[in-house]
Amino acid sequence: MAENEYIYYPGCSLEATAIEYNMSVRLIFKALGIKLVEPDDWSCCGSTPAHSVDHVFAGALAARNLAIVEKMGASTVITPCPACLSAFKKAHLRMVDNEEFKKEVNELLEVPYECGVTAKSVLQVLLEDVGLEAIAEKVTTDFPDLKVAPYYGCIIARPPEVMQFDDPENPVAMDKILTALGVEVCDFAFKTECCGAAFGVVKKKMVNELSSKILNMVLDCGANCLSVPCQLCQQNLDLRQDQINATMHASFKLPVLYFTQIMGLAWGYSPRELGLDKHNVRADHLIRSKRSIEEKRREEEEKAKTKKGKGKKGKVKKKPKAPKTEDKKAETKQPEAKTEEA
Amino acid sequence: MELINLTEDTDWDFIEQVREESGQDPFLCYQCGNCTAGCPYTEFFDFPVNQIMRLLQAGQKETILKSRAIWQCATCEACTTRCPCNIDIAHIMDVLRIIARRENYVSEKDIKKFYDSFLDSLKHHGRVFEVGILMGYNIKSGHLFSDADLGPKIMGKGKVHFFPTNIKGKDKIVSIFEKFKQKRKNRG
Amino acid sequence: MRVGVFICHCGNNIAGTVDVAKVAEEARNMPGVQFATDYMYTCSEPGQEEIKEAIQREQLDRVVVAACSPRMHELTFRRTVEKAGLNRYFFEMANIREHVSWVGEDKDLNTNKAIEAVKLAVEKVKQNKPLFPSSFEVNKRVLVIGGGVAGMQAAIDCAEGGLQVVMVEKSPSIGGMMARLDKTFPTVDCSICILGPKMVDVSQHDNITLHAYSEVEEIKGYVGNYQVKIRKKATYVDWTKCTGCGECTEKCPSKDAYDHFNYGVAPTTAITIPFPQAIPKKATIDPTYCRQFVRGKCGVCAKICPADAIDYEMKDEIVTEEVGAIITASGYGLIDLDRLPEYGGGRYPDVVSGIQYERLLNASGPTEGHILRPSDKEEPKTIVFVSCAGSRDKSIGIPYCSNFCCMYIAKEAILTRDHIPDSKVYVFYMDIRSPGKGYDEFTRRAQEEYGVRYVRGRVARVFPKGKKMIVKGVDTLLGTQIEVEADLVVLATAVTAAPGAPQLAEKLRISYDQHAFYVESHPKLRPVETNTSGVFLAGCCQGPKDIPASVGQGSAAAAKVLSLFSRDMLESDPAVANVNINVCVGCRKCINTCPYGAIEEEELRDGRIVAKVLETVCAGCGVCTSTCPCGAIQLQHFTDNQLLAEVNALCLS
Amino acid sequence: MSVVAGKELRIVGFLCNWCSYGGADTAGVSRFKQPSDLRIIRVPCSGRVDPLFVVKALLNGADGVLVAGCHPNDCHYSEGNFYARRRLEMLKKFLSYMGIDDKRFHYTWVSASEGARWQQVVTDFTKQIHALGPLHQKEEAGD
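Heads up: the protein sequence lines correspond to chains A, B, C and D, in order. No gaps in the numbering here: position 308 of the first sequence is 308 in our numbering, and each next residue is one more. No gaps in the numbering here: position 60 of the second sequence is 60 in our numbering, and each next residue is one more. No gaps in the numbering here: position 385 of the third sequence is 385 in our numbering, and each next residue is one more. No gaps in the numbering here: position 73 of the fourth sequence is 73 in our numbering, and each next residue is one more.
Think of the hints as simulated: they come from the structure by calculation, not from any bench. Each residue gets a CB set at the ideal place from its N, CA and C atoms; glycine is no exception. Incorrect hints may appear among the rest.
What the hints assert, rightly or not - To spell it out: a stretch of chain A is covered by chain B in this simulated footprint if at least three of its residues, at any positions, have a beta carbon under 8 angstroms from a beta carbon of chain B; those stretches are: (1) 42-51; (2) 102-115; (3) 272-286.
Please take these sequences and the hints and turn them into a complete structure.
Here you go:
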């Protein structure tokens, strides 16, 4: 497989209800000069429903796609959808750990899967392969009004043994990317609380309660929108926000953006190209005022001159060094905090 | 709950079965409660997760398989991530669902119906076709207008296709379903 | 050769799964075996008598006992045969309990295995040679590593016993963890008030030399004669001049240094005296924060110091001390708050550790004993304690209980209610572990008298909401999730081995477990000894324990040293390497490989160069023996012949 | 005296006195059940194990040889186990030249506190040897 190319498994919903996630991802990679190739004739990963039937069966539905990728001579497949990712990783790990399971799965498949493929999230490759520098370099525009709550959803880093990415309790991958874009990221405590999307259709009350908790916390942490890497969360929180408002007697109006859309905006693409018009809760008012990063720099230097030393409010990230003095102590503390006098 | 006679009512085979199918040892659990503490669904469950684990240790097959909790679990993995004993609790819940389905104990009909219409769609098209699922589910469940309110929100945004995209190799998917059915039969 | 074999039943421990009679019977047929029998308890007095009598009656010249592990009773039986007039090295032990009867289920297989174990021992003992220990002088000085309460107790007891004591303390003051505590459970008496006198004793005792702010660099030698290199770290203050007036600490312009003593619950100055009762009460500069070091210019302390004690040029200094025994009381550590992200540890200032809270309670702490939360210095009204924050948690590699958290949480909860009568205090616990004298009554008092609310369950998340910290958890007894709107959250962070514990253990040549706690010789019967003779343990370096237990171990270790030093001469283990100069070709391989530098060159009269073993230095590892190309150097009692005899006993049949 | 035909194979273990022998004791004290094939020879340090012993054992009838010592850096004699590692690594390579499957020889580190680990080591190695079958009959069959 060529250097600047990824096998890209969009997943079913990115062809339909989450089409704007697909659009923005493709746009981002185009801008980076990286080609995205879909697995030939890929099929659904099986997701949660398959798991409720049987693990071999579920494994087969996922492994079919991994086998296709393998056949294309690739060792990595990337997907934007955490559910697909989790299905792939679980199938793969179980087949690696358990010969018997592998045998049984392959019996269901036409082309057997030989466990040669690593599945990664789009988020992971953007952070690890592309890198923050490359991401920051491309930034042209700054949106001073955006105050983002980074919401990761439940499974992108959980369980750690399976997902092998970021901190399961306090993930920071998206925080880092958004910060690299110059976007203000709020200290959001519910990064990984489940929004209930899985039961969106069946258990409305349940889902509405869970979702409203999350949206409440978004307001509490002073953010005015969410950034998500998961289309299930996005649809659930955006599409159902009116349902939530109705059943929970709330009046949320919180845009739920894909982090790739925010990247696109910061890189100077138009909301339309990124499919922002496809959301139920529009973000127009938040992205109306914008400025070039040159202006931004100038204005900030001005500010710095007038009043300096005043710590900026709540940024989340733990390492790399956070601006918050408390966190800084937490940083310097690590070597010593252990140090018990002999 | 009524009295449990541990000498008579402990279904050791069930405990073994779960241990077998999940590869997890339920007796590693020392009931700290961390799973329940972090479970977003606790308030909806009829039994909190740690009690499901406890019931499992006590071999209370009926109670567990009839419980709604095992179906209301969305596999958000919070319990698995936080279990101090490294038990993959979400996986155990998964296995309990599978057993319940196999032995027709399903207490949360709607959830199962939704899963089924999802799988139907998957079986017929190779990929899931959201509108199809929704309609399928609404018919199965009798909640005819569930989420009808969402229609307008997504119409004309190029989000819904009224005709499913079929993959070329959809027969391959069908064969996965068929072969699996066969396996089941053979296993009896 | 007349070998006697004695098979022990050890009650049913062995006889239960080994046919001991059959083993004895088979033994009788082994070549060289004159006499074999089985006995209920061979280690008992009559059992040993039986051996002595048999030696006389049957004129035995070698003895094999098949019983428990030689690590248990080898010495016992060596003494027995010696009393009967044999050389103690004409004895071998076959381990048919730990290695056979306790680990195998099939009686036939066990019996067969036991028989072979005996055969092995018989073949070995037939090869044994008489060995005679030589004796050497003991240097009756003792090194104590660590100036916590355990170390201080050990030092004082040794000093009172008339021994010269050298104490090495890593930090600028002795006192250790106990000096940080506000009060102590279950009596709630003031920690420093009862520790202070001991600290003074240590500093004023004529027999105790204190090296504070120093670390053990290197240890050479063996029991009775250790040479210890100690690194006295640069304090940048001449302690011979410093009067501890503390003016420098008031004037120091760098005010956000990390406060080691207060566990960083508040910043401090770059030049500090850790606490009012510090011993020695001298100032120390932390170069990572001192402007003189960071920016290359400042010099405020140098200017204002009335004693002119500041010395920015000071360098580390190495001193060497000679001692005959070592007590390590090197203490413990605590896991970092940021290893507990679900509790917001290291992320939110109002989530503190138990020890940090101890400093907030303490009058000599940064808040002068007023409980003020770090974020806004306001008095918290609702305080939540979380027990087992990291303890009993396999998933982060800490499966063990940290031993004293249940108790200090109860204490801190009680103190909180004392300090802030209108406060609400909650404790999330899994189990309340309070087995000590008066301990359970104490935890009950917390709940009954002081109205501390105990919640049986865990906390899933701690997150800020406005000025509050929301603690979301479960009450497993209610079977529901619960939330508390707290102002301050205190985590009972898990106890770990002290940082650097493995490195120190390697210098001491003692072993440590997978959690880096030091391993005692026997978990029950030799709790303060190590497998390295002359090195003893005290306090938490061996495992988490509370103050009474640590003090007890301190005294126990001291007693061990005193009894070791009650003799002027020690006997060296004669099982050391020995060179056959007729075979040695002087290739020097052994000299290069010996871990102890125990082998020297020797020039014979005929000018040949051969190897020579310094018996007292040789520790008997045998590396030289397997290195020697011509079998000239042989580790006594484990010679090539003896080991090959064992191999052949197993394989040639 | 020999192994119980059919049930056992001949496995010889060289254990250092301070760590592994202690670990085996700990396993015993904790009643961690193990296969009975292994016969233990106690040496002061794994550094005392002369590769010759291993070779002799394997040539004279052993089906497998296990050497266990202290963990690196945890050696009672500070560095004996490093010498052991060097030598035994060499030996492992050398065995195949003698026509002996190097899976028949294994060396590992077990500390005095690791009773459970010792149980694991013994169980796994015994399995491995049983999988390989008797060494000497095999050779006879070979020629």
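Legend entry - 8 angstroms C-beta test of the segment 102-115 of chain A against chain B, three or more residues: holds (count 5)
Legend entry - Within 8 angstroms of chain B (C-beta), three or more residues of the segment 272-286 of chain A: holds (count 3)
Legend entry - Verdict on chain B covering the segment 42-51 of chain A, where coverage means 3 or more residues with a C-beta closer than 8 angstroms: holds (count 9)
Going through the hint list in order, the structure satisfies each hint without exception.
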